[in-house]
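Visitor: Whenever a hint applies, use it, and build me the whole structure from the sequences.
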Amino acid sequence: MDLSVINPVLLLAALMSAATPILLAATGELVVERAGVLNLGVEGMMIVGAICGFAAAVESASPLVGFAAAAAGGAVLSLLFALLTQLTLANQVASGLALTLFGLGLSALLGQGYVGVKPPRMPDVDFGPLAEIPLLGPVLFSHDPILYIGILLVAAVWAVLKFTRAGLILRAVGENHDAAHALGYKVVRIRTLAIMFGGALAGLGGAYISLIRVPQWTEGMTAGVGWIALALVVFASWKPWRVLLGAYLFGGIAQLQLNLQGAGVAIPVEYLAMSPYIITIVVLVVLSADRTAAPGSLGRIFHASG
Amino acid sequence: MTALLALKGLTKAYPGVVANDDVSLSIAPGEVHALLGENGAGKSTLVKMIYGLVKPDQGEMQMNGAPFAPAEPRAARAAGVGMVFQHFSLFDALSVAENIALGMEHAPRLRDLSRRIREVSDTYGLPLAPDRIVGDLSAGERQRVEIIRCLLQDPRLLIMDEPTSVLTPQEVEILFKTLRKLSAEGTAILYISHKLEEIRSLCDAATVLRLGKVVGTAVPRESTAREMAEMMVGKTLSTPSRPAAQPGEEVLRLDALSLPAPTAFGMPLRDVSFSLRQGEVLGIGGVAGNGQDELLSALSGERRAPRATIWLKGQDIGALGPNARRERGVLAAPEERLGHAAAPNMSLTENAMLTGAQRERLERAGFLNWGAARAFADRIIAAFDVRTPGPANAARSLSGGNLQKFVIGREVLQRPEVLVVNQPTWGVDASAAAAIRQALLDLAQQGAAIVVISQDLDELMEIADRFSALNEGRLSASRPTEGLSVEEIGLMMGGAHGMEVAHV
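Listed in order, the protein sequences are those of chains A and B. So the first sequence is residues 0 to 305, counted in numbering that gives the first Met the number 0. So the second sequence is residues 0 to 503, counted in numbering that gives the first Met the number 0.
These are computed hints drawn from the structure, not numbers from a lab. All figures in this text were calculated on a predicted structure; none of them were measured in a lab. Treat the hints with caution; some may be incorrect.
[What the hints assert, rightly or not] Here are the simulated lysine-lysine pairs, DSBU-like style, with alpha carbons at most 35 Å apart:
no., chain 1, residue 1, chain 2, residue 2
1, B, Lys54, A, Lys185
2, B, Lys7, A, Lys185
3, B, Lys234, B, Lys54
4, B, Lys234, B, Lys312
5, B, Lys180, B, Lys54
6, B, Lys54, B, Lys176
7, B, Lys234, B, Lys194
8, B, Lys212, A, Lys185
9, B, Lys7, B, Lys176
[What the hints assert, rightly or not] Sample of chain A residues lacking proximity to chain B, with all beta carbon distances greater than 12 Å (derived):
no., residue
10, Pro133
11, Asp143
12, Pro144
13, Leu152
14, Gly261
15, Val268
16, Ile280
All C-beta atoms, glycine included, are put in the ideal place defined by N, C-alpha and C.
Guide: Okay, structure coming up:
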């Protein structure tokens, strides 16, 4: 065992990149759940985003077009969920699970011609002299634009929820949809928009895996990241900055355990592989000791009665 | 003077029922107008049309002589209509100011809004701190949030749906002062209530609805409560009668029962003690959220109590669960009809089975005897005049009053030794309420001990032998109901929650 082969700077830089898919998906789901909707289809929307983004990027030779297509793909798939749960009043848990299964199947179908293809590479943002700073430069200023967009989105979601009227209305709808309806707010419309936002971010998260992290297309390549994102939202008590913390914790440990495997630590690989899941959940459970944070109408079906 | 609001021939039908049939009424500026009627008479539908939540099928509304047809609440609010809902339309996790901002069209910034909330609450004697979280407020304070939300928009018509059902007498006094001040300033008030004495003291005119139709109008100050009640029901009412009886020996005793709060917004029970004899009715009053639900679940066995705190005829039953207590004759009917007392989507037969299985021998060795359960349900339906096509109907399909008769009847017919009921006549119309009260009194007559938890003080005065008040999870010492005045009761209930009666 030789721990000196682990380079802390590279580890930290990789951590941010490893955390981004979860961060994007969880931020989207946070907005959906704050509006009172439980969409368990995150994994399905991610994998559909992954293949839509991959295919669009390959065909257009532009990663940015790919990410746009990924967001659109995730949002379109989420519309199916919105149709089921908001208009036909179907059960949200069952609809979400169905969405995941459907997304996995659909992506496998769409991706048949793309196995083994190499996608165009996304250039890193050029920060000029900032990237030259020792330690900080390579860790913070040597990444692709989507990673920074993810962090900005967390800040934006936090600010919108806390300081704007639109955010207040969204929280109100999630807290008590009957009262919001009585005050004249369009519960179904607001929730549908929130669901689409969540779908778009899940799609971006999926494309981040297929275009930047891996970058190639394999069936089922999201490998449960969507489920981790869902758990993260709950354990982060529906607070954006805690989602960021949780995502980095998960990404960090995932990256660390890969490095430890590489360094030949005398712990069975299986234990290392499960460690990010366990440690993230334990830390966030401790953080989320107050259980009152859940939106009051979360997962309940809204039916406007006369 | 032209009418502020005039309704002409409003009709609204839902599949299978005409909620409003050719309803006309008019309200002058500054008038306090009462809307009376039993449950299902169509009061809610009518005010929802005025507030833009429901569109009328026929008829027209006029505001100050101009046509008025709000397509949504926003339009109604813009036209000067404010509404205080019966089930408060508030958001528990948000602050007072955020709640108020949600009900306004052009909400100012939170800081300015907080200042205006303080101004209005001072002007109208409704103390309220803008930055508190609504989930922590008492029912009276929550209602103030709704009222201030309306007042901030300078309404010309304020609709109040059953505003006093959750208030202490002192809080009602504060509310009435506010309403009288508003009316003096020219704001019209449409006031919905079951409490006829209140209407007599507050309202200038009354319109009575029955089965969706206007059946009469009255000047409340010149009518008796009885006349108005009979107009609502359409028949003469009988008052529950109770022959004087000597209470027997002690059945149930609570010794300093303390339990922590079950949830974050719940109330702990603190040192609750009382003793109850055979044939006695103990009335427990208090504003909602002061430990009523918690006390009921401690008595029914839903929550286990510490050792040596609950005694049934000298036996410690604190550690027993609901079924073991039922076996021994301690039955309970909780407040929430749909979801707690009855399973909404299950049939009446199944609901009868749920609590009657043991005492009515509806199951044997784990197998259910549906024939016997159906017969039991039929017996309840017949004995308590439950209006339903039959026991195969889902509990959800019954109106509130009918379902309440069913859930109370289900316990009464199991011959309890101790019966605990919470809000037995909440949201139930006058004749059904009278029938339920009479059944409770008859049960006591046969020797059962009864605990009635209720927020309706008139009800407690009518049926209870002794009265105690729950306040912040503490139970006051009990006093005989005979000769107890409203002021004394109000003080036992904790007055106006630590505030002076407002200086308006």
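Visitor: Now tell me, hint by hint, if it's right for this structure.
Guide: To see whether the hints hold, each was checked on the structure:
no. : hint                   : in the structure
1   : Lys54/B with Lys185/A  : holds, 16 Å
2   : Lys7/B with Lys185/A   : holds, 29 Å
3   : Lys234/B with Lys54/B  : holds, 32 Å
4   : Lys234/B with Lys312/B : violated, 43 Å
5   : Lys180/B with Lys54/B  : holds, 32 Å
6   : Lys54/B with Lys176/B  : holds, 33 Å
7   : Lys234/B with Lys194/B : holds, 18 Å
8   : Lys212/B with Lys185/A : holds, 32 Å
9   : Lys7/B with Lys176/B   : holds, 31 Å
10  : Pro133                 : holds, 45 Å
11  : Asp143                 : holds, 37 Å
12  : Pro144                 : holds, 34 Å
13  : Leu152                 : holds, 23 Å
14  : Gly261                 : holds, 46 Å
15  : Val268                 : holds, 43 Å
16  : Ile280                 : holds, 23 Å
Of the numbered hints given earlier, the model fails hint 4 alone.
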